[in-house]
Structure formats: C-alpha cells, structure tokens
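Working from the sequences, and respecting the hints, build out all of it.
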Amino acid sequence: MYDVIVVGGGHAGCEAALAAAKMGGKTLLLTGNLKMVASMPCNPSIGGPAKGVVVREIDALGGYMGKNADLCQIQTKMLNRSKGPAVRALRFQIDKLLYSEQMLRHLQQTPNLTLKEAIVEKLVTQDQAVCGVVLKDGTVLASKTIILTTGTYLDSRILRGHQTKKEGPDGQMTTVSLSQNLKELGFEIQRLKTGTPPRIKASTIDYSEVKQEQGDEEVWHFSFDPGYSALRAVRVPCYLTYTNQAIHDLIRDHLQESAMYGGIVEGVGPRYCPSIEDKIVKFADKERHQIFYEPESLELDQEYIQGFSTSMPMEVQEQMIRLLPGLKHCEIIKYAYAIEYDAIDPLELNPNLETKKIANLFTAGQINGTSGYEEAAAQGLMAGINAMLKIRGKDPFVLKRDEAYIGVMIDDLVTKGTKEPYRLLTSRAEYRLLLRHDNADLRLRPYAFSFGMIDANQLQLLNTKKQAIDSFLQSFKQIKVKPSETVQSILAKYHSAPIQEGTSFYTLLKRPEVSFRCILELCEACQIVLSCAFPSIEEVLEQVEIQIKYEGYIGKTLEQSKKMRNYEAWVIPKEICYREVDNIALEAREKLEKIRPQTIGQASRISGVNPADISVLVVYIEKMKRESK
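Numbering-wise, numbering that gives the first Met the number 0 puts 611 at position 612 of the sequence shown, and it's gapless, one number per residue.
If you're looking for bench data, these hints aren't it; they were derived computationally from the structure. Fair warning: this is a prediction, and the values are worked out from it, not measured in the lab. Some hints here could point you the wrong way.
[What the hints assert, rightly or not] Label-pair ranges, simulated between beta-carbon atoms: (1) E586 - H161: 35 to 41 Å; (2) M313 - N565: 35 to 41 Å; (3) A611 - N565: 50 to 56 Å; (4) I536 - A496: 23 to 29 Å; (5) E586 - G137: 43 to 49 Å; (6) S449 - R270: 36 to 42 Å; (7) G137 - K393: 32 to 38 Å; (8) R270 - R321: 26 to 32 Å; (9) N565 - P395: 18 to 24 Å; (10) D394 - G170: 39 to 45 Å.
Even glycine gets a Cβ: it sits at the ideal position worked out from N, Cα and C.
Below is the structure:
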C-alpha cells in the first residue's frame, strides 16, 4: 500500500512525487520511460513573464524546478528590467538533455520515492473514492491517493497535414484506455491541441543572416537556496529573425492542407501560443512575425525554431522553413507537428486539485487544461502537498490570489474553467505588485516549513533576511548624507538632482532614478557602514528599495486584497441548493450549481455571476445560518 501514486513523469509528476516523498509519504512514480522524466518536448527554456515568478514560488515552497534550472542553464535573462518590479521575471535557456538527467538523478536519490516504468490502464475505485491503479500487464497497485499527471499523452495523436499518428510527444506511447476509464467514471473530457516547431541542424544554419541575442552578464538564480550554479559554465546565444511575405503567401496558398484549417483537428488550440498559420490568418495586417533560433543542448547540434509551430504537411514545411533567413540550405532534423490530447474540465476540481467526483484522486498539469512546464510543475507541487495533507486529515493548502501566481492560476482553473490550453499571464493577477519575482520567499517559505518542505536552517535564513529588511527600513529614515561635492557627483551619475540639505536614504530612494546601488556608492564615499547578517546585502537592499519606492502603491494594493479576503472568509455551506435561491439569474444559478464555489469570493469570480446575484446569495446564506441555530 502506497500513500501516493503519481501517474506520469513530466514536470507535474516529478514535483508531485518529490513533494509527497519529502513530506514523508510512501510514494510511487509511474511513467512510460524513466529516461524521459521532466522532458522538454517543446521550448527548451524555463521561465518568462509570470512563469518565471511561478518557478520562484515553486522553489520557495520547497519544489525542485528552480534548482534544476539553475544547474542546467546555458543562457539567462532578466526580462522587463527597465519596467517596474511587478513585471520582472527570469527566463533561462536550458540544456534539455542535462535537465532530464539531473531530474532523474534527484528522483532516484529522494527517500520514500520509488520509480517504475509502467503504463496505467485504469483506476481502481470503491464508494466514489480511488484506491489504486491497474497496470497494462494486469498488476494492481493499491494507494491511499492517486495523482494523475498524464500531460499530453492522454489518447494523443500527432498531426502533420492530413497524416495522423497515435502517439505522444517525441514518439512516446499514448494512453488510450485511461482516457476511456475517466469517461466511464463520469468525467467531462475536453479535446485540446498544442504543437511544436521544427528542429534544425545548427551547423547547417547561416547565422550571418540573423541577429545574435546574448543573455545577461549577471549571474541569476531561480533558487533561493545557495549551492545551485550552472554545471556547464558555457553561455550560448539565441538568434532573432522574422518571417517574410514569401512565407505568408506560401502558407495562405496551402492553408487547407494544414491539419487545423483542413478540418482534421478536433481540439481547441492555445490563443496565447498560436501556430504560424494562426498568426498569419488572425493577424493578417502584420507584415512579419518574430522567430527565434534557440539551442536545445550543448550535446546536440540542434536549434529550436521558436514561433514557427505548424501542422502543415512535411513537404510544405520543407518550403516554409527554407524561406526563413539562414535556413535556405539547412538540414531539417524534425518537422513540426500539432498534437491533440484529452484533458478533464478543470471545473471538475476542488481548489486543492482533488476531483469532485472521485475522492482521493488529484490531477495536475496539462490534464487540467493548462500549457507550459512551469504551470504543470506548480500544480504538481500543490497536488503532492495536498495529497499528503488529505492522508493526514489536515485542511487543504489553497493559495489565495494575493499570495501567489500559483493561487491565481488554480483559482482561474477551478472557478472559470478553460476551453483552450491555459497560459499564465501577468495580466491575470490583479495583485501582481504583491506577487513579485523578488519576494516569493518572503511570501511562501513559512508555508513550506509548516509542511516539512524546507528545513529549520532554510527558515532561519529567511528570518535573518526579514530582520535585515526591517532594520534597514527603519535606519534609512535616520541615516542622512550632506550635500558635499562627492555626494552630488554620485547623484549626478544616476541622473538625480542635487540635494540642498542633509537628506535621508529613505527620501533619496523615493526618487525613481535612485537605486540601492546608488545608496551603496554613497555609503562607501561617506564611510557609512551598513551591517547585514544575511549573506547577500544586495538582495536585502533590493527589497528595501522596492518597499520604499512603491510604498503608496503597495499600500493601496494591500487594502484591495484585504477587501477580497473578507469575501474569501465567507464560506458557503456545502449543503446549499442554488435552485432554491430566489431572485438569482438563471445563468448564475446554473454556474453556481455546476462549480459549487467554496466561498463568496470564489462565487464572485464566476463568469455569469453578477454583483446583484452575490448580494442575494449573501442574504440567503445569512438566513440559512439563522435557521440552523
């Protein structure tokens, strides 16, 4: 008997298994091919807008994705550096072969975790609760909880033009019977689509025709813990180019040969990561579209053609590819393809990612209708934690929208659902000023310690950092510099106006152009000593600068989140029958009955439920409470 069985070894499955094992659960990870754990069948990168913050949140909660990315990076960038802290995020190019190898090694070394190559045929259920799995060879394995993380392998098929093939990404085996089993258990199954661009032999590309894009010189890390630096100290460039009119004309001429536009594709594709056909049809006014050539591994002579996903037949792809700058005489290693797969309707899930229909069954990743490695890993982590909390009889761990991007994502999924692969975006977070790249540890590490996901030393390091931040926030109101020639010259260096009298660091940091680096220079020039017990004074001062500079905005956002918290604290009785609530619009009643929100706050975010419906619902619940006394 296992505590947790995780089905699937992608990014969601790895984080789920690691979390459950770390919390002391006897855990089994089942996957079709152990050499493919945490594989990257699409973009060889981790992070990006919003996604990079999610990786930091995963690390803060004790997950492994950020640490593995730090080990396997081959290029790093801090995005949106010129913009405010609310939209900054890390993005790493990753050596995808090394990433999978390192993840497997970490899984193998994790106590309480067993790995097994196997295909799951069906779930074993009793009294509307899952209690095990049946493998393809007939073996039955019992478990207290099951976490499904099947990715895009659930009854999947590869499509190139009118040619289809029953398989998952990278030629791996698809799972058909499990999909049928979920339908038999009453789950509403959606058909979704995504795709991947071609791979080109790097040594056959003429790079003189494209623009080189280097990463940052600074050393960035996803992980808050020390000791995770790049295993291969090599930094490689990416390359930027654009499509052209000849490519656009060719695609329009062959549009009906595409699987998507030729009527072969049944599933819905992602709006925020469209195929090149979609870009040309839906953005017909655009004369060109951005394309990146990205390295996949230091061991592979291979480039990923980002932005050029297509479901065209291979012979058409051949022509399309050779019209791109630098690819006229290239060798094509792998043609692009679209992939269709089954997913469950995320409205079938509770906020802890346990299914409503079958108790003790959790799902995470693309089976929930999401896209992206980062979104998958975050859900896997949360599912692993919640599976163990369920076993222990503890309350579920549900992050609120003002606590983490992970909370925003899961709330979006279980409250609003999705008709297309969901991608996390900065714009989805109404409290994004609170959910920054820089403060994920301050927000989430106390939770991680309470679950046993980080140890006492990690918590002590966090507390040391908090104390240092608080100390500097207070002392910077007292520490002043006088208007000497040296001070004025340093301020001028940062394009800041001279001071006329003794001015505090707090006042100076209110200036948009003054950064903590300017403060450090002033300290050195004026022989001011800043004492800090935390290993990185720059990391502490960055927090101090943000909190001082954006004090007013942060305060307003906190007020807004407080109002939301009041709604979130208002629990809706489980036994409520929405059909009996008078004066609620029909659409709202149907939505409420289907989703069955847990709080008034969640109910207010359901599409089709308006403020008037919420007011009526509040009155009805108050009446229920009075009558029950």
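Evaluated hints:
Range check, E586 to H161: Cβ separation about 40 Å, and the 35 to 41 Å hint holds. With their beta carbons about 57 Å apart, M313 and N565 fall outside the hinted range of 35 to 41 Å. Distance hint for A611 and N565: a CB-CB separation of about 19 Å, inconsistent with the stated range 50 to 56 Å. For the hinted restraint 23 to 29 Å between I536 and A496, the CB-CB distance of approximately 27 Å keeps it satisfied.
The hinted window of 43 to 49 Å between E586 and G137 holds, with their beta carbons roughly 47 Å apart. A hinted range of 36 to 42 Å holds for the C-beta pair S449 and R270, which are about 38 Å apart. Between G137 and K393 the C-beta distance comes to about 35 Å, which sits within the given range of 32 to 38 Å. With their beta carbons about 29 Å apart, R270 and R321 fall inside the hinted range of 26 to 32 Å.
Judged by the Cβ atoms, the range 18 to 24 Å given for N565 and P395 holds: they are separated by roughly 20 Å. One distance hint, 39 to 45 Å for the beta-carbon pair D394 and G170, holds here, with the actual separation near 43 Å.
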